[in-house]
Amino acid sequence: MALTNKEVAGCSEAVAGLHDGAILMVGGFGSAGLPRGLIDAVLAHGARDLTVISNNAGYDGEGVASLIEAGRVRKLVCSYPLTAGATAFRDAYRRGEVELELVAQGTLVERIRCAGAGLGGFYCPITAGTVLAEGKDTREINGVQHVLELPLHADFALIRGRHADRLGNLDYHLAGRNFNPVMATAARMVVAEVDAMVEAGAMHPEHIVTPGIFVHRVVRAVAAERAGSAK
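Residue numbers for the sequence shown follow the working numbering, beginning at 775 and rising by one.
Simulated from the structure, these hints should not be mistaken for lab results.
Values in this document were obtained by computation on a predicted structure and should not be read as measured data.
Incorrect hints may have been included.
Across the chosen pairs, the derived CB separations fall in these ranges [unchecked claim]:
{"#": "1", "residue 1": "Pro979", "residue 2": "Gly859", "range": "40 to 48 Å"}
{"#": "2", "residue 1": "Ala878", "residue 2": "Asn916", "range": "36 to 44 Å"}
{"#": "3", "residue 1": "Ala976", "residue 2": "Gly917", "range": "51 to 59 Å"}
{"#": "4", "residue 1": "Glu787", "residue 2": "Arg913", "range": "42 to 50 Å"}
{"#": "5", "residue 1": "Ile987", "residue 2": "Glu871", "range": "33 to 41 Å"}
{"#": "6", "residue 1": "Gln919", "residue 2": "Leu876", "range": "14 to 22 Å"}
{"#": "7", "residue 1": "Thr912", "residue 2": "Ala976", "range": "45 to 53 Å"}
{"#": "8", "residue 1": "Glu914", "residue 2": "Arg940", "range": "46 to 54 Å"}
{"#": "9", "residue 1": "Asn779", "residue 2": "Gly909", "range": "39 to 47 Å"}
Calculated lysine to any residue pairs in the SDA-like style (CA-CA distance at most 25 Å, straight line) [unchecked claim]:
{"#": "10", "residue 1": "Lys910", "residue 2": "Met963"}
{"#": "11", "residue 1": "Lys910", "residue 2": "Gly870"}
{"#": "12", "residue 1": "Lys910", "residue 2": "Phe896"}
{"#": "13", "residue 1": "Lys849", "residue 2": "Ala821"}
{"#": "14", "residue 1": "Lys849", "residue 2": "Arg869"}
{"#": "15", "residue 1": "Lys849", "residue 2": "Gly870"}
{"#": "16", "residue 1": "Lys849", "residue 2": "Ala907"}
{"#": "17", "residue 1": "Lys849", "residue 2": "Gly820"}
{"#": "18", "residue 1": "Lys910", "residue 2": "Leu924"}
{"#": "19", "residue 1": "Lys849", "residue 2": "Thr825"}
{"#": "20", "residue 1": "Lys910", "residue 2": "His920"}
{"#": "21", "residue 1": "Lys849", "residue 2": "Arg864"}
{"#": "22", "residue 1": "Lys849", "residue 2": "Ile915"}
{"#": "23", "residue 1": "Lys849", "residue 2": "Glu871"}
{"#": "24", "residue 1": "Lys849", "residue 2": "Ile900"}
{"#": "25", "residue 1": "Lys849", "residue 2": "Thr861"}
{"#": "26", "residue 1": "Lys849", "residue 2": "Tyr833"}
{"#": "27", "residue 1": "Lys910", "residue 2": "Arg936"}
{"#": "28", "residue 1": "Lys910", "residue 2": "Val883"}
{"#": "29", "residue 1": "Lys849", "residue 2": "Phe803"}
{"#": "30", "residue 1": "Lys849", "residue 2": "Asp823"}
{"#": "31", "residue 1": "Lys910", "residue 2": "Ala891"}
{"#": "32", "residue 1": "Lys910", "residue 2": "Asp945"}
{"#": "33", "residue 1": "Lys849", "residue 2": "Leu906"}
{"#": "34", "residue 1": "Lys910", "residue 2": "Leu876"}
{"#": "35", "residue 1": "Lys849", "residue 2": "Gly909"}
{"#": "36", "residue 1": "Lys849", "residue 2": "Thr881"}
{"#": "37", "residue 1": "Lys910", "residue 2": "Gly820"}
{"#": "38", "residue 1": "Lys910", "residue 2": "Ile900"}
{"#": "39", "residue 1": "Lys849", "residue 2": "Leu792"}
{"#": "40", "residue 1": "Lys849", "residue 2": "Ala818"}
Cβ atoms here follow ideal geometry from the backbone N, Cα and C, with glycine treated the same way.
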């Protein structure tokens, strides 16, 4: 495949190279901006013992929850592990089948951003004095205790966009933007599931949110998934 054409034929090809024990970032905020087709492809692929970095643990039967239900997740790094009406993570955690690293939402975003920017971490006061700071370096800055938060890197980032061109340039649909752009900067392999492909040059440069330099593979969502992303 030419470097200037990043579109792949299907989601199974898009997740090729995923391996057991991989660190996987999954975009989305609840159902908004969720790369459903790519998650289904991970299930079909069979990779296990995954560390998943996501805003939340998903709703039963979809998203990250479907990976947890299938026993594919070893550890979850997220801000909202307990979602109303969702039981997949709760039950798996109680059975000791999945680990949890709980991270405040703003801290989660900044840890991912640090990885994308090549930074070694940052000091943050949010968890100082709590169990979430145990084992971490702390120091006083301007009279306030801060905790060192390290960057979050991933082997794969699965993200969801609205439009893409063959160069991998992306834009997003409303709230579907959420974590997707920052995750695109922090993984060795970035795979974007999109509603539609457009010709190279058709996207106004000022409307491009994620430049194609960050994206390695692009796949078009199937019709059902396009309908779901528009909600």
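Would you check the hint for lysine 910 and glycine 870, treating anything up to 25 Å between C-alpha atoms as holding? Cα-Cα ~24 Å, so holds.
Are the Cα positions of lysine 849 and threonine 881 separated by 25 Å at most? Satisfied, since the Cα-Cα distance of roughly 18 Å is no more than 25 Å.
Between lysine 849 and glutamate 871, does the CA-CA distance stay at or below 25 Å? It holds: about 9 Å lies between the C-alpha atoms, which stays within 25 Å.
Satisfaction of hint between glycine 909 and lysine 849, Cα-Cα up to 25 Å: holds, 18 Å
Holds or violated: lysine 910 and phenylalanine 896, Cα atoms, limit 25 Å. Answer holds: lysine 910 to phenylalanine 896 is near 12 Å, not above 25 Å.
With the threshold set at 25 Å, check whether the alpha-carbon distance from lysine 910 to alanine 891 stays at or below it. Judged against 25 Å, a Cα distance of about 22 Å means the pair holds.
Between the beta carbons of glutamine 919 and leucine 876, is the distance compatible with 14 to 22 Å? holds, 19 Å
Pair hint lysine 849 and threonine 861, alpha-carbon separation not exceeding 25 Å: holds, 16 Å
Hint check: lysine 849 vs aspartate 823, CA-CA at most 25 Å. Holds or violated? holds, 8 Å
Per the hint of 51 to 59 Å, is the separation of the Cβ atoms of alanine 976 and glycine 917 within bounds? holds, 53 Å
Quickly compare the C-alpha distance for lysine 849 and threonine 825 to 25 Å and report which way the hint goes. Answer holds: lysine 849 to threonine 825 is near 5 Å, not above 25 Å.
Assess, step by step, whether the Cα of lysine 910 is no farther than 25 Å from the Cα of valine 883, and give holds or violated. holds, 18 Å
Taken one by one, the earlier hints fail for this structure at numbers 2, 10, 22, 27, 32, 37, listed in ascending order.
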